[in-house]
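Whenever a hint applies, use it, and build me the whole structure from the sequences.
Number of protein chains: 2
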Amino acid sequence: MGERSGFILWFTGLSGSGKSTLTNHLAPRLRGLGLKVEVLDGDEVRENLSRGLSFSKEDRDINIRRIGFVANLLARNGVCAISAAISPYEAVRQEVRRRSEAPFIEVYVNAPLAVVEGRDVKGLYKRARAGEIPHFTGVSDPYEPPKAPELVVYTGQETVEESARKVLDYLRSRGLLPAG
Amino acid sequence: MGERSGFILWFTGLSGSGKSTLTNHLAPRLRGLGLKVEVLDGDEVRENLSRGLSFSKEDRDINIRRIGFVANLLARNGVCAISAAISPYEAVRQEVRRRSEAPFIEVYVNAPLAVVEGRDVKGLYKRARAGEIPHFTGVSDPYEPPKAPELVVYTGQETVEESARKVLDYLRSRGLLPAG
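These protein sequence lines are chains C and A, in that order. Throughout the first sequence, residue numbering follows my numbering, covering 3 to 182 in sequence. Throughout the second sequence, residue numbering follows my numbering, covering 3 to 182 in sequence.
Honestly, I wouldn't trust all of these hints.
All copies of an identical chain are treated as equivalent in the list; a pair is satisfied when it fits inside any one copy or across any two copies.
[As the list claims (entries may be wrong)] For lysine to any residue, the following SDA-like pairs were computed, each having C-alpha atoms within a straight-line distance of at most 25 Å: (1) Lys149 / Asp171; (2) Lys59 / Ala29; (3) Lys38 / Arg100; (4) Lys124 / Val41; (5) Lys38 / Asn74; (6) Lys124 / Ala104; (7) Lys38 / Phe71.
These aren't lab readings, by the way, just hints derived from the structure by calculation.
Dropping the structure here:
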């Protein structure tokens with residue numbers, strides 16, 4: 003009855019894998035279905051909650067815990083909270099999942115390193131290979147794929163619309179979208 | 003129609019002035035009226051969003067900005083977000099107010115220093131006077147009273163019930179509580 007329950011939609015994947023593109027495609031669709039949506043974008047959160055933190059493992063973990071803390075506050079109040087941070091470490095993703103009081107949907111945005119590095123939309127991989135960016139995930143820092151994500155989207159071969167549809171279908175199957 | 007709009011209820015006052023007591027009294031009453039309520043307690047926020055920050059002016063301001071950022075995310079999604087941090091500096095309180103996309107209700111929890119120091123419920127003032135706690139608001143750090151708060155409660159002379167009633171009456175006058 004009444005209001006929909008919130009949930010956390012947690013995208014994880016390499017830089018350039020398409021997390022933000024998929025988020026920007028999905029967020030208005032979800033709002034169009036009547037959901038409240040907040041996007042906790044990696045860069046925006048670093049600016050507002052984690053300025054001064056580095057990209058060391060310890061600081062990345064702190065940043066991810068903060069995103070998880072805020073996502074949980076939102077989700078337990080009926081909001082669909084979307085995280086689109088790289089979140090490369092399995093242990094802290096699991097910790098955020100355990101602490102979530104709302105459904106936690108982990109979506110592995112799976113594009114091969116060769117593909118995202120080949121595109122290199124922002125030129126970051128080139129700079130990382132040149133040693134200009136330390137702690138760059140996939141180049142000089144690890145990425146640990148999720149062991150049991152709710153969903154995997156293959157953005158190297160799917161269109162953004164195909165990936166978005168998979169997410170929407172999954173959410174519908176979990177009863178997290180309004181009927182009809 | 004439908005859902006109520008959220009707002010930020012921002013308590014500010016000295017340590018021991020009664021911010022938390024008033025919050026703990028109000029939060030269940032507001033929930034009982036059908037509102038969604040989240041309390042952003044100073045200590046809890048420091049633990050989850052601001053660990054490692056000091057009590058220097060600069061770090062206090064960062065902490066308050068983070069509380070404001072999260073409170074705004076909640077309030078724009080229909081939640082009554084309550085901040086119960088000391089928040090001693092006027093400029094950053096004004097900044098948080100400006101950034102709020104929802105009604106911002108600043109409540110000055112006004113108890114004289116002599117009164118709160120006389121009670122010294124947690125023994126902190128004694129330790130601060132002994133020089134054991136640096137940057138202690140009211141003792142070795144400034145407290146800047148709000149210049150134009152929406153409401154002032156005088157917790158040195160009012161009961162918590164009287165102060166709570168003033169807050170509820172004010173919220174009702176602003177149309178922020180359900181009718182009836």
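Here is how each hint holds up against the structure:
Taking the shortest Cα distances, Lys149 and Asp171 sit within 25 Å of each other inside one copy (21 Å), while across copies they are farther apart (52 Å). Taking CA atoms no more than 25 Å apart as the test, Lys59 paired with Ala29 passes in neither setting, with 29 Å inside one copy and 37 Å between copies. When the C-alpha separation of Lys38 and Arg100 is checked against a cutoff of 25 Å, the pair qualifies both within a copy, at 23 Å, and between copies, at 23 Å. In this assembly of identical chains, Lys124 and Val41 lie within 25 Å of each other by CA distance solely inside one copy; the values are 21 Å within and 40 Å between copies.
Proximity of Lys38 to Asn74 under the C-alpha cut-off of 25 Å is found in both arrangements, the shortest distances being 14 Å within a copy and 14 Å between copies. With identical chains, the CA atoms of Lys124 and Ala104 are never at most 25 Å apart, being 34 Å at best within one copy and 35 Å at best between copies. Proximity of Lys38 and Phe71 under a CA criterion of 25 Å is satisfied in both settings, with 18 Å inside one chain copy and 17 Å between copies.
The structure shown violates the earlier hints numbered 2 and 6.
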